[in-house]
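Here is what each chain is made of, one letter per residue.
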Amino acid sequence: MGSSTGRGPRLLAIATAAVLAVGVSACSSSKSSSASGGSGKSGGSFTYWSMWRQDEPQAKVIQAAITQFTADTGIKVDVQWTGRDVAKKIGPAMAAGKAPDMWDEGEDVVYGAAAQNGNAKDLSAVLDMTIPNDNEKVSDAIPSKYWDSLPKDPSGGQHWIVPYEASTAGIFYNTADPGVSAAMASQPATWDDFINVCQALKAKNEPCLASEGEDSWTNGLWFDYLLNAAGVNFNDLASDKTGAAWDNPAVLKAAQQVEQLVKGGYIIPTYTQTKYPAQQTNWAGGKAGFLMNGNWVTAEVAKQIPSTWKYGFMLPPGATQPDSMIFGFALTKNAKHVSQAEQFMAYFLQKKTLSGISTQADNITPRTDIPAPPELATVQKTLDAPKLRLTFDGVAGDWTTKVWNQNYLDFWHGQIDAATFISKMKSAQVSFWKSQS
Amino acid sequence: MSTATIQDSSRARRSRGGSAPRPPVGAAPLERSRRRMFWAFTAPAVLVYFVLFLVPVGYAAWTSLYKWDGIGPKKWKGLKNYQTLWQDPTFRHSLTNTLKILVVGGVLTFAFAFALMLILREMNRKLFARSVLFFPCLVNAMVFGIAAGILFSPTGPVDKILEALGWSHPPQWLATQHLSTMILGTLIWTATGYYSAILMAAVDQIPEYLYEAAELDGANAFQRFRHVTLPMCWDVISVCAVLWTVSSVKIFELILMYGGSSGSQPPAGSWNTAMYVYTEAFPTASTPQLGLATAAALVSLFMVIIFTVVLRRLLRRDPIEY
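Chains as they are written, first to last, in my numbering: chain A, 1 to 437; chain B, 1 to 322.
It is worth saying that the hints were derived from the structure and are not from the lab.
Cut-off 20 Å, straight-line C-alpha distance, at most; resulting in silico cross-link-like pairs (DMTMM-like, lysine to aspartate or glutamate):
#1 A/Lys253 / A/Asp417
#2 A/Lys426 / A/Asp410
#3 A/Lys351 / A/Asp384
#4 A/Lys434 / B/Asp69
#5 A/Lys333 / B/Asp69
#6 A/Lys333 / A/Asp122
#7 A/Lys98 / B/Asp69
#8 A/Lys137 / A/Asp122
#9 A/Lys152 / B/Asp69
#10 A/Lys387 / A/Asp236
#11 A/Lys253 / A/Asp192
#12 A/Lys352 / A/Asp140
These stretches of chain B come out as covered by chain A in the derived footprint (C-beta under 8 Å, 3 or more residues):
#13 66 to 75
#14 161 to 174
The structure presented is a predicted model; accordingly, all values stated were derived computationally and were not measured. Backbone N, C-alpha and C define an ideal beta-carbon position, used for all residues, glycine too.
Just chain A, with the same shape it has in the complex (with noise of 0.2 Å):
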């Protein structure tokens, strides 16, 4: 009984898991960098599994760097686009001992994923290293702040992760949409006022709100934000596994709010019967004055916005803290090249080499010495806050697929009211804990 770790029934059971993990990418994966001249300097090769598609210019800035890096070190990166299925790729890999050295993902991934049973290697060491070219060390060019706002692994550890993009979630809009900057004078103070703008555009038959209606996490913010507003933790909310936390007045009242603008009728009206990115769309094209979205929002509707088209971003009211998202390289637990896969992780933060992250790919980086692109100015600054908080406080996973989801897309939906949202999360959540000790 107890622990069993014989190596040959665990290659059993991993077939499966192999054939589908690893078969897409086998056929690929002979694609290492093997051009590379290398002038041999310390030679070496590390894996490198990416949460971007090749054609992304995420991929493309990392690209960039990877060929640069082997040029100058002589280390090759054998690397696949693996993009954002790399989520549910990288545990049967790491089962099957068919994982890369490194991959990376946002930070609730990685977490989720590795870092949180101890699959993730602690990256300390990559903070004492020098940033080459720019002679700083890791840890003084990157805040703290970034690692100070993960959870713990369960060594107590928070350096599982060495951020290349930082990112933050709001509400999104064109200051100079007529229709909106009639209806707001100035960035509302309070709820109401909130709710008055939106009052205000709907009286001229202009949705307030964009929203993908089938996308529990964009749409989810608002709720998230409204709790923080409110001085509740997402994560002891989702936690208790009592469910008592969903009998706090702020958490009802909360949700009321978000029922507010469901009942009110100031969501884009077909919502609900469509695909992403169909509202996102309709967003960029006019159709409606708001989103909320994560930053990375301005980047995937850059071609389809007006020339005149000038962004505002803020918070909803009363909230304290911005949410963050980081994405981020990490080492896999049986990584072989430790060494080689670290060093590139320092390279990448060189100023001029993650400058592509804002310039290419128009997203913010976690250095404060990089500007952000210009339509993401004022949201690099709502980042400059002292602290951070985790989009939902670090909620994500099996909870947010069990528990969350469903009900909260019947609420936004609005086919359930904020009580009965309420008691079905409280019961719901409390048949997830029971099922989970």
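Use these hints to put chain B onto chain A, whose structure you have.
Here is chain B on its own, set in the frame of chain A:
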């Protein structure tokens, strides 16, 4: 009778001089050689079946008794994973959805397939019609998932046509509360063509004179179906029913494509047991629960076995030879 056989056999032995290996009692030469070859021919198949099916199932059953993320050490849980499944409302709901697809989907698919059998047998250009009907099952489920977003959007062709026909408020096809219905509809649409093709192959074998005789006796189209077609291809129907049972329980790519948005799983209300197994084994941003996943897979397997056995019993008829 038995005495006679023994005598026969001993006589035969004597006649060969008693040197031949002793044959099994009561076996004719042909039977004997068949028996000798039985294991030689079946052993490879049995071996493959054992290694590729029974061993993994056995291993899955063993894994289902542990809590295991696939990487770290296993933790003994006994039957607690099954208890967890029972207590998990998501799994209970998934089980209900699986049964709904199996029963409602099955009844409707076969109702349509029978209706098509009735029509297709007697229509002109039936081969062309059959090809058209069969076509949807050649298309990858992922295509449906993606195409649905375009076809059924409020500005898509389906709503435009319905509005042109005077239906001012068509249903919200893609709304999450209609997800299960849309999935079921697509499933029935693709499966009907598939099962019609198999059933029509059986119908083609029915001698034409039986229909002519029925027609002379004054049977109408439905009566000809009821008294000639149905009994004559009953065996094929029962095989199709089993095929449907087995395949309907395994469907999950349709659910994933219809319900999944960028990066997140479909809402739990639309899951079936296969989808449940998938999300437990390949979760986004959390730890794989292989013990729970294999337990859920075994529950599905058990359900398929029960349904298959019951179906085979219910559909058993004396074979008709013609």
